[in-house]
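Visitor: Here the protein sequences come in this chain order: A and W. Position one of the first sequence corresponds to residue 1 (my numbering), numbered consecutively onward. Position one of the second sequence corresponds to residue 1001 (my numbering), numbered consecutively onward.
It is worth saying that the hints were derived from the structure and are not from the lab. Cβ coordinates follow ideal geometry from the N, Cα and C atoms, glycine included. Mixed in with the good hints, there may be bad ones.
DMTMM-like cross-link-like pairs, simulated, lysine to aspartate or glutamate; straight-line CA separation at most 25 Å [to be verified]: (1) K565(A) with E437(A); (2) K1144(W) with D1106(W); (3) K1043(W) with D623(A); (4) K43(A) with D1106(W).
Here are some, though not all, of the chain W residues that point toward chain A, as calculated from beta-carbon distances under 10 Å [unchecked claim]: (5) D1036; (6) I1484; (7) D1543; (8) E1550; (9) A1619.
There are 2 protein chains.
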Amino acid sequence: MLRWSIATVCMGGTLETKLAAAARAGFRTIEIFENDLTFFSGKPREVRAMAEDLGLEIVALQPLRDFEGAPEPMRARNFDRAERKFDLMDELGASMLCICSSVAEDASGEVDVCARDLADLSDRAARRGFRIGYEALAWGRHVKDWTQAWQIVERADRGNLGIVLDSFHIYARKNDVAPIARLPADRIALVQVADAPGILMDAMSLSRHHRCFPGQGDWDMTAYLEAVAATGYAGAISLEIFNDQFRGAPANAIARDGMRSLQALGEALDQTRLARGEAPLAISRALPKPAKIAGVEFIEFASSGTQSTRLEAELAGLGFTRVGRHKSKDVDLYRQNDVNIVVNREQDGFAHSFYLVHGPSVCAIALRFDDPARALERANALGAPTYHGRIGPGEALIPAVAGVENSLIYMVKAGAHNAWNKDFDFIGSPDVSGPLERIDHLSNVVRRSEFLSWLTFYKAVLGFSDEPQVELADPYGAFYSRVISAADRSVRIPINIADGGSTTVSRFIEAFGGGGVQQIALSTKDIFAFVERARAGGVRFLDIPDNYYEDLSARYDLDTALIEKMRVLGILYDRHKGGEFFHIYTAMFDQRFFFEILERRNYDLFGAANTPVRLAAQANEFDQGLRDRAMLETE
Amino acid sequence: MLRWSIATVCMGGTLETKLAAAARAGFRTIEIFENDLTFFSGKPREVRAMAEDLGLEIVALQPLRDFEGAPEPMRARNFDRAERKFDLMDELGASMLCICSSVAEDASGEVDVCARDLADLSDRAARRGFRIGYEALAWGRHVKDWTQAWQIVERADRGNLGIVLDSFHIYARKNDVAPIARLPADRIALVQVADAPGILMDAMSLSRHHRCFPGQGDWDMTAYLEAVAATGYAGAISLEIFNDQFRGAPANAIARDGMRSLQALGEALDQTRLARGEAPLAISRALPKPAKIAGVEFIEFASSGTQSTRLEAELAGLGFTRVGRHKSKDVDLYRQNDVNIVVNREQDGFAHSFYLVHGPSVCAIALRFDDPARALERANALGAPTYHGRIGPGEALIPAVAGVENSLIYMVKAGAHNAWNKDFDFIGSPDVSGPLERIDHLSNVVRRSEFLSWLTFYKAVLGFSDEPQVELADPYGAFYSRVISAADRSVRIPINIADGGSTTVSRFIEAFGGGGVQQIALSTKDIFAFVERARAGGVRFLDIPDNYYEDLSARYDLDTALIEKMRVLGILYDRHKGGEFFHIYTAMFDQRFFFEILERRNYDLFGAANTPVRLAAQANEFDQGLRDRAMLETE
């Protein structure tokens, strides 16, 4: 039976921790990486007992290295080594030993020699009831491609010997996956999956540091598994991810992410098969399909006291009107066209806890779904439990799950605009028209070590897609950004990844105490009129150096008067394929968040060309803040 | 005149900060990277005034991108763009504009077309008194190699047009540097230097993230500069290093490291020239030659109270004898054969300050030099000032400089054994023979962001050499290690680089509050006898799992009785090229340091094969410590 599996090497911590985490995430099958056993301070049979208690089958022990093609007397020693591993497997209750192609300098690459070694080993294994799997390492001395490994397995021709396929080595060697479909299913010993980013790097470094779960990288995991499934293979499909960051993270979170990524992969594979009229494989229990995302219903700020006063003054300056007051809580609703902003000043409950940890900040986002109940069911099925908050009598229960740094992601019904009436008393019917039309995007900052986990959350759990990663320069370092977006692009979230140093992104992590929403981008149809009015209303925008406009006039044949107008107002400009982009940033609010106001004219990007200017200006603003504080302290 | 220069892009912070840092480090010439100007909030002429005040010549403004080979109307716009840059150069007081080869998709790669564009631009530049430099980017659309850039410059044939050479692009493209020697000196506009690690990676990623100062990477900077010098070139030699970590570090430290690396490079170049009977270039002021390192005279622990009692009990257990008491301070000397360990329990002064910040720890190392006065002079000349401590009347003044985390590196005269008598009262003439013979090595832990800086310190300032970097797996992540060693190998220091996560190395950084000495490795001739005695004397060693010995017996044909003896005593084993290595670790002292005792039998490595076992055992010990503490707290 096809089933998901995970190798202990994916997770950090002791072997006990790893087994417990795998079982808790829903795995029923594991591979044991021998180092984990060597470092374990108990007996192998204790591992067997632990695995049995947890309902885990040990599908394989691996790897035995540098086995095949060795000259004597090493060959004889290798068989002795293998017998010791068989003893270990007896104690462990493992049925298969995986051998990876030799990297030894004196190993023979002769197919006949290697096949004879593997045949002899398989015969010995057969006497003890074991199977042997043989895998091509991308950096093997002679055997690098799965086709070479297969040639040797076929030549050895033993019933208990099969090939181990690993998407990592196959894609790292740029091998074609389609011919895998022609392998006899009973000669596939084990199937391993690992994704990786599409970067040029030697295979060994890529393998050691950049392997990731399916969907976190750039390789076509579906095509690989399609070819495997076409053989009729019915064994374990096992995650084998070497990744320092994974080993540094809690094992439970990594095992959960691994299972999420496999379930999403199985789902994608079944969709492909169904589309071609083939039966679904249904490796995972049926997963509720992702609900359709249809925009952001509201964002909620946790705030308090004078910070709240300043925030609300800024919202007013940006053209928002206070339209509602919560029936039972110290919560107000601000609105402008389609944009709802909730300001929560409660002194207990979720928002206040969030405020105490993070300061004034976006504590929740409500996403509109066509079927929020299904969205929640899917999240639950993928290990994201429902958040239950405190509600007043008669108020709406809005289902939510935990997002970055335990902020909330509410799931609301798209188009159910009168749902607000349950919780809020509306103040007359004020004019909510204004220059700002909708939330264009929200940017999230996350720690580098948590990025892949949140990527899998947004993609597998919520049903977002991702765009290629870009890299941005900051005066104090660099950071990476990857955009996730809903299918209809009604929600787009650039995720900015902090990697130490003192970049704006890292300063946010530090000031905020973790990841969160740093930027709220709102669209307008006339940014010039908007900025003039907002400046008059006291909104502070980020100072852009005059040299930026000098440079702009050298780069583009823009009208001098237009450039001057941009300079005076502090508006930035970008151009792409004939489209134009005008945008501006508010001054940073307590080092935590800022608003971007933007006007798109046939332009679909995010103005990344101006990001270094913004970052430098924010760094200036921050330095100035430090200087001001130092001045105050010395006065 | 040949002179050292630095590009503003090497450093982090605002343009003011960068200029000041460059001047402070001794640079008299800088290149301005245009982004720094765009982000600067003042006028270009203010930059000129700042540079003049600091005595800095602005050698070039760069880069103008995607210039040559553009089709009309882009070509005309490019000339307009260039004129705007000339305006800027006028204001800045820069005399040269650097152009890097076009990456534009529609650029022509025709030599004649590109040469005509550059000739026309040079003519325009000549009218305004400027020079043009042209550089091949490794990822240029057509022009990738310096030989191609040279072909275009030669064809254009203008007196104020020259080639810009950058070791980064040249080595990234694996170009030969020797033919550079045949270039006419007056056609070399500018020479840039950047080193990089010898890893396989696409040139652009390598350039953006892994460029480093000469001597920090793996490329042959001396061969490159030799070829340049052979032309008779007499302009600026400029550091152009894009490195996020550098931009995240204080600009002063980076500029200082850049100058150190250039001075060491100039020195190496002159040594090569002198050896061949050529005149030295003497680009830097004469630098005192590195003094010869001849071992470790002592290591000094900062300690206090019961921690000191425990530490001294451990030293006694390891066979050390207390032989001396400081004349004026609460400081004792422990000795065993050639190993001196100083325990400092003073309640004020340097060691105590160090203790307050870092806890019980190695606060100083004394290195033996053939000429400590020259060692100190060299350090001073390279920006490492002398540390002046408090001494008592009649006591020896030992010169020192600051090392990692402001620990001290004392410089003492090799063989001057009776220098101790000035400061210490000796207790009779005790027997200091014992099983431990000498300090084999000391390992340093440093933060990743500080590693390159300390590498340059050890190499350029103190005269160590380095060995290739290795990578080690920890149960909770991975870390890197690079060994620096004295020419006679009397001092070897593996530097372990912490890269976040919760590896043993990172836990050290956290517990210690920065980098420092984590391991003191002492050699013995009979480790078995030593461990038996030390265990009987109450020394606690690291617990090694039985499975390690199972694995050992599978890997090596070792005598069963020997393996059993190792198991009982907790001794680890490695083998390399017929040599054998036996070693053991003491339990971690307050998460800060531990001793390694080792016996080498024709073996010259560090037992890295066993490092994962040690790390796993230390992680177990740490986890156990956490559990014990949790138990205590819940009881």
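Visitor: The structure should be examined with respect to each hint, and the outcome stated for every one.
Guide: Evaluated hints:
This hinted pair checks out: K565(A) and E437(A) have alpha carbons roughly 23 Å apart, not beyond 25 Å. For the given pair, K1144(W) sits about 16 Å from D1106(W) by alpha-carbon distance, which is consistent with the 25 Å threshold. Under the criterion of a C-alpha separation no larger than 25 Å, the hint pairing K1043(W) with D623(A) is consistent with the structure, at around 19 Å. Between K43(A) and D1106(W) the alpha-carbon distance is near 66 Å, which puts this suggested pair outside the 25 Å criterion.
Here the hint on D1036(W) is kept, as its CB sits about 8 Å from the closest CB of chain A, short of 10 Å. With a least beta-carbon distance of about 23 Å to chain A, the hint placing I1484(W) at the interface is violated under the 10 Å criterion. For D1543(W), the suggested interface contact is upheld, since its CB lies about 7 Å from the closest CB of chain A, less than 10 Å. At a threshold of 10 Å, the smallest CB-CB gap from E1550(W) to chain A is about 7 Å, leaving the interface hint in force.
Checking A1619(W) against chain A: minimum C-beta separation of about 8 Å stays under 10 Å; hint holds.
Against the hints set out earlier in the document, violations occur for numbers 4 and 6.
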